[in-house]
Each structure stands twice: as structure tokens, then as C-alpha cells.
Amino acid sequence: MRNNWLNTLLAVAIAALQSFASVAQAQAVPSEVRFAYAGGPRVWILGKIDGAFEKAFGTKVKWIPFASGADVLTLFAAKEIDIARFGSSPAAAGIARKLPVEVIGAPEIIATSERLIARKGIATLKDLEGKTVAFPANSTAQYAFEVAVKLAKVDRSKIKGLALKPAEIVAAWKRNDIDAAYVWGPFSQQLEADSGKEIFATRDLQKDDVLVFNNFVVRKEFAEHHPDLVVKFLRVAQDKVDQYKRDPDAAAQLIATHLDIPLETARSTLSGLQYPSLAEQLTPAYIGIESTKSTSRITRAYKDTANFLADIGEIRKTDVPDSYASAINTTYLQRAVAVK
Amino acid sequence: MSQPTARIALNRVGLRFAAAHGSGKSHTVLQDVSLALAEGEFVCLLGSSGCGKSSILNLLAGFIAPDHGTLEMDGQIIHGPGPQRGMVFQQPTLFPWLSVRDNVTFGPRMAGLAADRYLPEADRFLRLVGLQDYAEHYPWQLSGGMRQRVALARAWLADPQVLLMDEPFGALDAQTRLSMQELLTHIWQTTRTTILFVTHDVDEALYLADRILIMSAAPGRIREELRLPFERPRSLEDLVADPGYGKLKRRILHVVREEARKSFSGVAA
Amino acid sequence: MNSRALTAADALSRRRTTNTQPSLARNVVTWLRRRKYALISATAVLLFVLLWQLCGSLHWVDALLLPPPSEILGTAAELISNGYRQTPLWQHFFISVARASAAFVVAVGAGVPLGLGMGLSPTLAAALNPFVQFLRPLPKIALIPLVIVWFGIGESAKFFLIFISTFLSVVVGAAAAVLGVSQARLRAAQTLGATHHQIFAFVVLPNALPELFTSVRLSIGIGWTSLIAAEMVAANSGLGWMVINAGSYLRTDVVLLGIVLLGLTGYFFDWALVQLQRRFVPWAGKDA
Numbered sequence: 001m002r003n004n005w006l007n008t009l010l011a012v013a014i015a016a017l018q019s020f021a022s023v024a025q026a027q028a029v030p031s032e033v034r035f036a037y038a039g040g041p042r043v044w045i046l047g048k049i050d051g052a053f054e055k056a057f058g059t060k061v062k063w064i065p066f067a068s069g070a071d072v073l074t075l076f077a078a079k080e081i082d083i084a085r086f087g088s089s090p091a092a093a094g095i096a097r098k099l100p101v102e103v104i105g106a107p108e109i110i111a112t113s114e115r116l117i118a119r120k121g122i123a124t125l126k127d128l129e130g131k132t133v134a135f136p137a138n139s140t141a142q143y144a145f146e147v148a149v150k151l152a153k154v155d156r157s158k159i160k161g162l163a164l165k166p167a168e169i170v171a172a173w174k175r176n177d178i179d180a181a182y183v184w185g186p187f188s189q190q191l192e193a194d195s196g197k198e199i200f201a202t203r204d205l206q207k208d209d210v211l212v213f214n215n216f217v218v219r220k221e222f223a224e225h226h227p228d229l230v231v232k233f234l235r236v237a238q239d240k241v242d243q244y245k246r247d248p249d250a251a252a253q254l255i256a257t258h259l260d261i262p263l264e265t266a267r268s269t270l271s272g273l274q275y276p277s278l279a280e281q282l283t284p285a286y287i288g289i290e291s292t293k294s295t296s297r298i299t300r301a302y303k304d305t306a307n308f309l310a311d312i313g314e315i316r317k318t319d320v321p322d323s324y325a326s327a328i329n330t331t332y333l334q335r336a337v338a339v340k
Numbered sequence: 001m002s003q004p005t006a007r008i009a010l011n012r013v014g015l016r017f018a019a020a021h022g023s024g025k026s027h028t029v030l031q032d033v034s035l036a037l038a039e040g041e042f043v044c045l046l047g048s049s050g051c052g053k054s055s056i057l058n059l060l061a062g063f064i065a066p067d068h069g070t071l072e073m074d075g076q077i078i079h080g081p082g083p084q085r086g087m088v089f090q091q092p093t094l095f096p097w098l099s100v101r102d103n104v105t106f107g108p109r110m111a112g113l114a115a116d117r118y119l120p121e122a123d124r125f126l127r128l129v130g131l132q133d134y135a136e137h138y139p140w141q142l143s144g145g146m147r148q149r150v151a152l153a154r155a156w157l158a159d160p161q162v163l164l165m166d167e168p169f170g171a172l173d174a175q176t177r178l179s180m181q182e183l184l185t186h187i188w189q190t191t192r193t194t195i196l197f198v199t200h201d202v203d204e205a206l207y208l209a210d211r212i213l214i215m216s217a218a219p220g221r222i223r224e225e226l227r228l229p230f231e232r233p234r235s236l237e238d239l240v241a242d243p244g245y246g247k248l249k250r251r252i253l254h255v256v257r258e259e260a261r262k263s264f265s266g267v268a269a
Numbered sequence: 001m002n003s004r005a006l007t008a009a010d011a012l013s014r015r016r017t018t019n020t021q022p023s024l025a026r027n028v029v030t031w032l033r034r035r036k037y038a039l040i041s042a043t044a045v046l047l048f049v050l051l052w053q054l055c056g057s058l059h060w061v062d063a064l065l066l067p068p069p070s071e072i073l074g075t076a077a078e079l080i081s082n083g084y085r086q087t088p089l090w091q092h093f094f095i096s097v098a099r100a101s102a103a104f105v106v107a108v109g110a111g112v113p114l115g116l117g118m119g120l121s122p123t124l125a126a127a128l129n130p131f132v133q134f135l136r137p138l139p140k141i142a143l144i145p146l147v148i149v150w151f152g153i154g155e156s157a158k159f160f161l162i163f164i165s166t167f168l169s170v171v172v173g174a175a176a177a178v179l180g181v182s183q184a185r186l187r188a189a190q191t192l193g194a195t196h197h198q199i200f201a202f203v204v205l206p207n208a209l210p211e212l213f214t215s216v217r218l219s220i221g222i223g224w225t226s227l228i229a230a231e232m233v234a235a236n237s238g239l240g241w242m243v244i245n246a247g248s249y250l251r252t253d254v255v256l257l258g259i260v261l262l263g264l265t266g267y268f269f270d271w272a273l274v275q276l277q278r279r280f281v282p283w284a285g286k287d288a
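Order-wise, the sequence lines are chains H, W and C.
According to this note's numbering, the first sequence is numbered sequentially starting from 1.
According to this note's numbering, the second sequence is numbered sequentially starting from 1.
According to this note's numbering, the third sequence is numbered sequentially starting from 1.
Isolated chain H (complex conformation) (with noise of 0.2 Å):
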């Protein structure tokens, strides 16, 4: 009879302790989760203008703006975002020092959206040699600077480069302490608005084979507590661009003003990305799948800008990895994509 008792008991206990591991380890969902966003017109600030992913989530999001890539590693650092989406080069620096990130997807690829805006008389990028052109430090428009100035063959050494804050960079064109920049927009037009032209895109540098792009990346340990909310957020990304990409206008007229910026602003700067879908970034012309990621073109991109990065001093030789692939999980974007 004690026995029977004894074992009636031990069985209830260790069932309850179970149920509760297993409660622990279904995620619970968090209070909130922070996106790190740009500030700018970019297709998912449609989801923060209509609560999509926090509908998807079933809990609130916290959108924290930054002023450049840069200053999302220092976020992330301090455990402070849960995703951001920004540029190619400033992931690849901040996976270099081991931040313990992933990257979940690479939703945009930079066509137009970031441009060398250049005062007259400066037509080529040879012009600019005895001039001094403005960019944000450490972000995918210094990394194209710098690209398409070593693959034009141009005397790097004879542009004085200068790293200054996008708002900054308006400012210094305004005074004519600067002759060219290269920035994304609201900045790139407000350049051009002030008798600025275009001299060279991003665009331009993929016939060499160079992809700077913006990527979806997430901290580690977010991700191993809430990969079903990862795959959420990949989703509803997706949707976004597919909603814009249905509307190209009315989703720019929505952002410009939700932005409060002028709509030709948000049009052109939105229209200046390449959107590969879920399904294309799965391929080896981009990120590729587990197997493929360690060929795939965007992956060899993170490695070509570490190089770069470290052929300039920026990072340290040592860190830079072997490769990116270790950085990369498709896992969620193959759960994404399943779901439909």
C-alpha cells in the first residue's frame, strides 16, 4: 500500500516535471521583440505601418531606428535588437569579430537605392581623383565606393575619403565641403535636389560579379529560444514584398507618408532594390540551401567583402573566417518557404 503510494507519487511528479520541460522548451513568446530598422523607405516598414508581424507574432515589436550599418553591430553587441535588416558589408565585419548573429536571408540586393552623387563637372569615377567624397562608415555605400574605384583602376590614394553620418553628409554638401558622396536616399536625392548628379549605382558593379545587399540578421540566441517566430518573420517579409510588388505605388504613397517623406523619395529609393523571393534565395545564384551555401554567390560576396575590409585595415586579417557559410542558416527560409 505505501509503495503503491510512494510510486503513484514519484510517476505524478516526474510526469508534471515533464510537462513542465516541455512547456519550457515550446517558446513561450517573448514580451517583445526589437527590430533594428534604417529609418528610410524599405519594404517592410510596411509591416510596421499595418502591425503584421506583430499580428503574426502574437506579440509586440519594438522598432529600433539606427543612423548606419555600423551602429547595428554595437546593438547587437550590447543584446539590445533581436533582428535588423542592414547592409552586406557591416554584417560581414561584425560576423568577422564573432558577434554570435546569423544570417537568416538577403532580401534585398542594392541596385539603385545607393548611389555616387557628384557635383557637376565630376562625370566619371576618374574625375574624382583630387576631390574629397563623403560616405557613411562602415556601411554597403563605402564598401561600393571603394569596389568601384579599385575595379576603374582609379589612384585611391589621390580621393580624400571622408566618413561622415548621411545627415552630416547634407550638411558638408550644402557648405561645398565635399564634391561627391555616396548614400542611400532620402540623403542621395536631397543631394540631387541641390544640384547633384548621379554617376554611378551599385547596379554597375554587378556585371564584375560584386553583390552588395542588405541581409535579414538575427542574434543566435533569440533564434535557438523562437525559431518558429524566425519563420514567421521571414513570411510576413515576404508578403510585404509581394504586396508591393502587386502596388509598387500605393505601397510607396504608404510609406511616404507613414516616413513623412516626399513620395518621389520613396518610390525611387524602394524601386532601387532587386527583391529575389523566398524560393530565389534558396538558390545558389544567392544564399543556396545547407547543402549549397558554401558555393553560393552570396556567401562568396561575404567573403570578397571581408578581404576588401581587411585590405583596408578595417578588420583584422586573422578574423576574417574561411568562410561564410557557418554564418548563414537557411534553415528558416526552407521552413518559409514551405509554409504558404
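Heads up, some of the hints might be wrong.
Here are the simulated EDC-like pairs of lysine to aspartate or glutamate, each with C-alpha atoms no more than 20 Å apart in a straight line [claimed, not checked]: (1) 174/H to 155/C; (2) 317/H to 78/C; (3) 160/H to 155/C; (4) 220/H to 62/C; (5) 153/H to 127/H; (6) 165/H to 155/C; (7) 220/H to 102/H; (8) 286/C to 136/W; (9) 286/C to 102/W.
Away from chain H, derived, C-beta distances all over 10 Å, residues of chain C [claimed, not checked]: (10) 54; (11) 127; (12) 148.
Taking CB as the label site, the calculated pair distances span [what the hints assert, rightly or not]: (13) 225/C to 158/H: 30 to 40 Å; (14) 43/C to 98/H: 33 to 43 Å; (15) 80/C to 98/H: 21 to 31 Å; (16) 80/C to 115/W: 38 to 48 Å.
These are calculated hints, taken from the structure and not from any lab test.
We put the CB at the ideal spot given by N, CA and C, even for glycine.
Chain H is already provided as a structure; the job is to place chains W and C on it using the hints.
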């Protein structure tokens, strides 16, 4: 006793200080004070604290102006401070960035005199005060008594016609004070400068002065004047043994203590 | 008393009474005892560095967040041989020091006379005080956007930021130094026959020197901390720029190295001024 042309004089001077922090009532420091010093006289002004003796010196120096009455020197009204009326304060008030010699020669240097005119005199004074070996030292390297000796030499080298001294030995210990008193009379006997010496030490006044003026409690007035009969040069030991010394001291103490009691019991204007 | 205690006592007394201690040891002990406080400071710093290194070596803290001293030394060696961003390390150091020194010289050269003037003239003080007292506590980083618009992104913007923070402190200190002259000293000079101008030149000014030196020391310390704000304005060289730029690539090792170098340089500036003060104002803090 006043002489027809006094060297320096107060005539019926009155002085009020505005009350602190606007309590409305001002208080009278000096009321109808008259005193005159003849050329070459050594006069001591005795009184307890708060009776206005320092104010008299500040008036004569020209730092403050009276509310009533006049201040005169050689028949001229005193308007402001000047080298004719030198002063020695209770604190040496030396200039710490100058050496002893540069402190002592400050007056002649400001007057623009040539170095060969004042340097030998300066050395003479330094020898007189016994500091000839410290000419290149700085004030912080000297003791309190030594600093006061420098102050004395400094005031005297400027060759003032009247020397105003505000309890100059009050901060020194008893032994140093006695030596300084002897030094002072020794110098004075060679220069015969007119001196007005403020003190609250009765023995000091009896040793130094030709005349002693005793001040009443506030509002200040000259209450009594005594001419000292002692001959010069005086020695401290002989002075103390003199029978007249005791009687004078008793008289002075009596007056001084009466006035002190008045100010303690709060009898004020 | 057991035998052990006896032996101990014997040993003690033997040590006390013996004179056969080698004099070298005794000299060392005396030398150490005299520098007791310096030794305590040095030991505290060493312990701190040791703890820091352990944090890294034993992985108590992520090396990304707090690189250990060993890594920073490695970075230092690398920067000394290869420079940072193609510019040698000494050049970054030199540019920062040059920028700051130029601003200091002008700030002190302009601030001391202006402050002295404000101390002597109540009218001037009343006219300028509102501006001085308002601007002085303002964090200079708040001025950066304005400074870029006014001065652009050249050296003048950086010069201005360092200059303005140093200048305002110097002015306030110089005015206070003049106002602090004691009435007794002024009166002593008057009774010695000094004219108004002589009193200013030979009493007020020398009297103000100790306090002037102190306020210049403090102001230069404040000005040096503005160097970072100054080099946030479109620089591409300098220690402050190095710290900011390395931060955007998460090169915390370079950031910490830069911080150490900035701190040491500021410390050196201050030390140099203290030596100057001892030389020119030996009476400071002493009675007279």
C-alpha cells in the same frame, strides 16, 4: 596738548558703519574724536576690541572717509592712501612672490628711484632688523617674527612721514614681542618718524610711547590722555622698577577695565 | 613557554639585535618605505590589470566586449608597425596633440586677458557673464551639428570645439583669480606708494598667478576631453577619430587602446603644467 601745526590730526571725526544685512540700525564707531600728533612723537592708542582704534588708523591711512569732521596732514586734508603715511599691519602682509630684499625695496622701486639710491639703505635696514643673511629668502621660508621684521623694514625704507601701526606685534609670542619692541624704539630713535601705535597691551604702551591715548568703549572717543615722564633711552628692566610706572599702569588699567566692562555689558550707542 | 615559542622569540630577538643585515637590503627597505604611497598605487594598478587579463584568459567576459590586456598589447604592436588605416600610430597621436595644443594656446592667450579684464571691470563682467555662464556647462557634443553647419568639416570646426571648452573655463578662472586678491595686500601696496597701474601690474597680477595656473590646468583637462567631440566632426586621423572609427567596426581592442593612449596623454599634459607651476609659482599654497 596740541601744537599749532600738528603733523597729523583728526578733528571732531565721526564714523558710522551701516548695519549688516539691512537690519536698519547702523552703529556709531567713532563719535567726535579729536587727536593730534606732533612731529616726531610716538603716541600709543590703547583700548579694548571694538572701540574703533583700527578705524582711526584706517581713516588716517586714507582707506575710509569719515562721516563727520576732517583729517589733516601738515594742514592738508587727507583724501586717500599714500606713501607719506606708511602702515604696518598685524599680519606681515608681505608679497610672497618677492624675496625679502624685493619686499623691503618695494616702496622705492614703485617711486622709480635708482637702485644705487635705495639698495644701500635697504641693506642697512636689513642689518638693523637682523635679517641681512636672509635677503634672498622668500617669506614662506621665514618665521612669523622674521616676517614682521621684514614688514617693519619695508614700511620704514619707504621713508614715510607718519607711520601707522595696527597692533603689529599682537600675533607674536611674548619673547619675540619684547625683542620687536626694542627693535622698534631703536629704529625710531634714529629716524624720529611720527608714529601712531595701536595696541591693547598696557605694558607695551608704557614702554614705547611718549603719550598714551585711552579710548572709550563704542561709540569711540578719546577718554583720557597721559604724557609719560620716562626718559629715553628706556630699558625694560629699569622701567619696571620705576615707582611712577606702577602708578601709571594702575591708572591706565583702571580706565581700560572700566571701558571694557561697559562694552561687555552691552552699553552701546 | 613551549620550545617552539622560545625558538620564535629567540629568532625575533636575534633579528632585532643583529647588525649583520647586508646594507643593500636595508637601503632597499628604506627606499621602499619612502615611496610607500607610490607603491600602493602601483600595486593597485597591477592587481587591476591582472584581474582584467584573467577575465579574458579564463573567458569570464566575452573578448569582444572586453579584450584582455594581452590582446590590446598585440593590437598596439600591430598598429605601431602597420599604422591604423594606413596612417602610422604616432601620426594619429601627433595630430590629436597638435589640434589640442593649438586650441589650448589660443584659448589661454585670449582667455586670460579677457578674464583678467572681467575681474577688474564690473561692467565688462556684467556684460559678458550671462554668455559665459550659459555656454560653459553646455556639453560640447551638443554643439557638433551647429559647428558642422558653421565651420564645415575642416580643421576649424575641430579647433573651435576644443577652443570653446577651454576658453570659457580659462575666462572664469582668470576673473576669479583677480577678484581673489586680499584687501590687506592691496592696502599694503597703497601705503607703499604704488599707483593704480602699479598695483595692477605688481600686486594683482602676481597675486593671481597661482590661481591662474590652477584654472589653466583644469581648463586644459576639460579641453582635452573635448577632443573626442572635435574628432567626431569628419576627421580621418587622430586618436579620437581612431576610437570612434574602430568602434563602428566593433574593434573594441583598438577602442580600448585608443582610450588608454588618450588618458595617458591627458595625464601627461597635466603633469607638464604642474611642473611649470612649480617653476613659475613656487610660493603657491604657502603662507606669507
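ask   = So which hints don't hold here, by number, going up?
value = 12, 16
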